[in-house]
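Asks: Protein chains in written order, with full-length UniProt numbering: chain C, 1 to 645; chain R, 1 to 645.
Among the hints, erroneous ones may be present.
Because identical chains cannot be distinguished in the list, a pair is counted as satisfied if it fits within a single copy or across any two copies.
[What the hints assert, rightly or not] Below, simulated DMTMM-like cross-link-like pairs (lysine to aspartate or glutamate); rule was C-alpha separation at most 20 Å, straight line:
no., residue 1, residue 2
1, LYS401, GLU151
2, LYS344, GLU360
3, LYS508, GLU216
4, LYS628, GLU360
5, LYS188, GLU151
6, LYS165, GLU126
7, LYS165, GLU225
8, LYS508, GLU350
9, LYS211, GLU512
The set of hints was computed from the structure by calculation and includes no laboratory data.
There are 2 protein chains.
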Amino acid sequence: MGTFRTYPAAIKIKDDINSELHHLLLSPKYQIDFSIVSPLYHYSILQHEIAIMDWKTAAQKKCDFVNALIPSEWRLPSPVPPASEQRDVTGVYIQQFLSEREIEITETDAVGIVKHTTGGEWTATEVTQAFCHRAALAHQMVNCLHEIFFEAAIAEAQKLDNYYKAHGKPLGPLHGLPVSLKDQFHVKGVETTMGYVGWIGTFEGQKGTGKEKVFESEMVRELRELGAILFCKTSVPHTLMAGETVNNIIGYTWNPKNRNLACGGSSGGEGALISLKGSPVGFGTDIGGSIRIPAAFNGLYGIRPSSGRLPYEGMANSMDGQNTILSVVGPIGTSVGALKLVIKGILSREPWLHDPLVAEIPWRDEQEQAVLELVKQGGGGQLAFGIMRGDENVTPQPPVKRALDVVVKTVEKLGHKVIEWKPPSHAKALEIAAIPNLDLRRRNRRFYNAPFPLSKHTNTNKTPVHAAFALSGEPMASQISSVYGERKEEYTASRIAATNVAKRQFQKEYMEYWNSTSSLTGTGRPVDAIIAPLAPFPAARPDIAKFGKGENKLKRIMPGLSVWVNLLDYAAATLPVTTVDKAVDKVDEGYVPLNGQDEKVHLSYDPEVYDGAHVAVQIVGRRFQEEKVLALTEILGDALGKHVV
Amino acid sequence: MGTFRTYPAAIKIKDDINSELHHLLLSPKYQIDFSIVSPLYHYSILQHEIAIMDWKTAAQKKCDFVNALIPSEWRLPSPVPPASEQRDVTGVYIQQFLSEREIEITETDAVGIVKHTTGGEWTATEVTQAFCHRAALAHQMVNCLHEIFFEAAIAEAQKLDNYYKAHGKPLGPLHGLPVSLKDQFHVKGVETTMGYVGWIGTFEGQKGTGKEKVFESEMVRELRELGAILFCKTSVPHTLMAGETVNNIIGYTWNPKNRNLACGGSSGGEGALISLKGSPVGFGTDIGGSIRIPAAFNGLYGIRPSSGRLPYEGMANSMDGQNTILSVVGPIGTSVGALKLVIKGILSREPWLHDPLVAEIPWRDEQEQAVLELVKQGGGGQLAFGIMRGDENVTPQPPVKRALDVVVKTVEKLGHKVIEWKPPSHAKALEIAAIPNLDLRRRNRRFYNAPFPLSKHTNTNKTPVHAAFALSGEPMASQISSVYGERKEEYTASRIAATNVAKRQFQKEYMEYWNSTSSLTGTGRPVDAIIAPLAPFPAARPDIAKFGKGENKLKRIMPGLSVWVNLLDYAAATLPVTTVDKAVDKVDEGYVPLNGQDEKVHLSYDPEVYDGAHVAVQIVGRRFQEEKVLALTEILGDALGKHVV
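Let the hints inform the model, and build the full structure from the sequences given.
Replies: Written out as structure tokens, the structure reads:
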């Protein structure tokens, strides 16, 4: 029939394999169930199997090639024990494979590192080697890297050291700082697969462009100019549209703090790697929570800046050209200082002269200082926060509830004000963003107006998501097929226009609600930021699907608590608060379900499974208020004793 | 059949009426030819005629109602003579109907006015009365107003005077400054028709919204807070998508300096009114040249800011929700100082807290100062400009060529540098924006991805442009039907996404070309701005269609020289340079056509017809460089002796 390579198989991992999921998913060879989602995919089982051999071979080859780049002296003496024996591979577990000096270096945050490298106390080379070693260990433990270029990194570090010797000063403010990158950044010498088997050996799926392994994204150029060392690219879920990290090349990326759980997504590899301190700071992207979710699930600081603050130019993406809600790029790190350091660095390069979507807003020290000055006045009551404990659709699980309480108490202890946040309907926000939350599901709604390829009017080869799968014939992971598996007609221009208008009207309504809180705060100003959950659970359970069936199945990740921030284009940072304690975070016996989905969230909470997992909240500020959001997050983090996590 | 009110007639004004166009178009009763553009509009001639009676009656009633708001003592004693007898109605012609004091006030620019009103020398009332009087005269001469609210304005002015007496200080920086508004702004007490007969008595075409004559646009609220006086709303072409100003309510707005010519569009009423000094400063909008074209055609300063600099919130619009190229709001005035004054004023109100699309970029005095400091150093060579004399598609007419030469010579006389501007293909820019320039016409291309209503999949009632016509059954003006008259399928999400990507890639290419000029300027920086034409002619000829036939017919206005600025989202101001002098600006005998359209532009130039018309160029700066563009424009305007025009 010859149509196979046009329409990919939409398959799902068998629901009954969850008990063995850990081992099965660690390789691309996991078992798959060929129940085809729609009869509209016309091809035979035989064609399947031939094609699957193709993509499996290609994926395994790529995976083996990358893993072979780990020097033999950095290989683990034996495989990591299963999660049932070794739930947490952070801290003392990973330290056993490192020298004292390597531990000292890699457990210093980015601010501390550049203090030493720009001051000449530490060489870029020893810093880079230490992080390469730790990243190699991290990858062997949780499967978090797509590309490894340790050799090139160490060579760059040596050049920087030579520069320092020759000039007696650092190259730039990030001199010798290792920075990891989500596998959407193009870096010379390596590929960008973004988890697609079909992108192996290509530039964004195309061969012979002349850009393969040569072209670099704008931000990569700027990071190099600042003196940063690039050394690896981290794992993502194929399509980027999931809160878990899974693809057919590397398999599944686990949460290092609790290997029963997902590391989050789509910047999941970043979260896992930085949590293991295999990198001090890295960059992810966020269109619905993809920076904040992995930052939170891994107990890290991360910020989703407003769109147009940092340069996305020259990066690979899903659904490029969809501009109702833009994906944004932002950092994840072990301290708020790390995030400020790299954002300030990038903005000092005037990215608005090289990225048409970046607004000319330099780093504004004065906005950070304004917050610090207020607080310095002492006596309390200088700041005001809104507290949002959930929304109309979902009640967070007990550990998340407790984390919110901890933050509220911390704010109050500092003497500041907290008011209940009673905003315009968040259910409406999800409806506008067309999130496939079951209780809001509408016929013909699309996740972010996704341009679908399967309309008869459309050239299927030109539409990114399905075309990317079609290149190799690889199957979609079940987390993705719940979003993309179904054949639908494309949105029309009128429909998109109506969505854009609805979005703007909702933003207006929300900003006026925010303005109106000035009468409640006692500070004379509206609230300075909102304290809110960013997911209903501390981390996603890979086996969460078993808590529902068929149409009513719980989605792997509910973006309902994160995506309103994207719709509103607000600046939002994660604040790591605590870890799950099974002795404290018991199942809520008095729970009353809001709806069927909410009940499934409730049912999926198991203190035994979650014990030890990170719990974080988000601090949400207004559009382009990155400086203020980071200042507030740092104040709260310091008060929680988490200056560096 | 009952479908008439769903599908409007797309009609065109007879081509053979151009000799009498002036008089015919002055009323909505002009003759029309019922050649229906497409057989897909299903209705009978009979239904036409019934509906036409309806819209004609409604239009005439509205027109009469507004005109009746002109006090009898301000009515012209007799109609203005035809253009053949009185080509120019500005200056001494209009002055004959005004007192010395009224002339003194109305011929002071906005900066001078607020100096007097905030200093207490002039009352807001006498200033307002003087401008209301002059605006009433202007309207009777060139048909430039949609809404008149002189009484409310004078009452507001009296309140301001009382405030001043009570507090001994002005209400705000625009205290007592009359500001005119294009008929897209909602102002309490009056309607917004935007030229649609079907919008009479409604709020944007809807009845019973509770917003009728009550709701105010965000910027209107801010202007009031600043102390500005709103007194009239100015004419637009229906749909806003034309470089001429014509609709079925007020008819045609003529160019006051040369009544053979168009006043431009779509902010045409603003251009005509301010040119007659019936307003010191006003606000228009620009999606393809709609601020710059009327500013230029009327010898005024105007600026198209980058999108997101000034608040568009709560304004009526065409094709709302189309967000590939956004319409922006910006001022037109008689001095650069006027533009700075109102922009600085609006930004001081922090519009980003009330409009979700406004970026948090306050007025940056330091950017203006940086330019002034450079120039102060003296000795020449501090600034560098690119000169663009046309593009691949069109050669400007002799007066525009001369104006460009005048500006280049002025720059060189000041000692600054001018380099030839050799940018990426402007033809490509037009192709991306899908401008229906004949030489670039592609099947199924859309002007700004316009959401068309006629697809069978679409609810026709919800699509703005045709639905607005359908409300009354009124016909489209020929200038509009060339863009909207044809039935086409809607763009799909994939197509829009591809356009958005192409736009961004072009922006990137262009900005890197701009960056590259740093090696040519001798200043160490890339060029500070581009000097460019914004239309191939000093003003459009309403009879320009006669210079071509059928498919090859010249469009009323060629947006090819203005729309690249919108695609690139650059800040661009108009610089009035000279007037056409038939003794100097002779037909270019050595002309060689670039293409058929270009030849028609050439053929349409007639020194006799154009004599006396304003000629302007545009000064184009980078995105969000409004302060710099205005500073440069002021330096050039001063050097040309046009501090106030």
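Asks: Each hint needs a verdict: does it hold in this structure or not?
Replies: Hint by hint, here is what the structure shows:
Taking the shortest Cα distances, LYS401 and GLU151 never come within 20 Å of each other, neither inside one copy (45 Å) nor across copies (59 Å). Both within a single protomer and between protomers do LYS344 and GLU360 lie at most 20 Å apart by alpha-carbon distance, with minima of 13 Å and 17 Å respectively. With identical chains, the CA atoms of LYS508 and GLU216 are at most 20 Å apart between copies only, with a shortest distance of 14 Å across copies and 38 Å within one. Taking CA atoms no more than 20 Å apart as the test, LYS628 paired with GLU360 passes in both settings, with 18 Å inside one copy and 13 Å between copies.
Only within a single protomer do LYS188 and GLU151 lie at most 20 Å apart by alpha-carbon distance; the minimum there is 13 Å, versus 68 Å between protomers. In this assembly of identical chains, the alpha carbons of LYS165 and GLU126 lie at most 20 Å apart only when taken from the same copy (15 Å versus 73 Å across copies). Only within a single protomer do LYS165 and GLU225 lie at most 20 Å apart by alpha-carbon distance; the minimum there is 18 Å, versus 60 Å between protomers. For the identical chains of this complex, LYS508 and GLU350 are inter-copy neighbours only, at 14 Å across copies versus 30 Å inside a copy, given an alpha-carbon limit of 20 Å.
In this homomeric assembly, LYS211 and GLU512 come within 20 Å of each other (Cα to Cα) only across copies, at 18 Å, whereas the closest approach inside a single copy is 46 Å.
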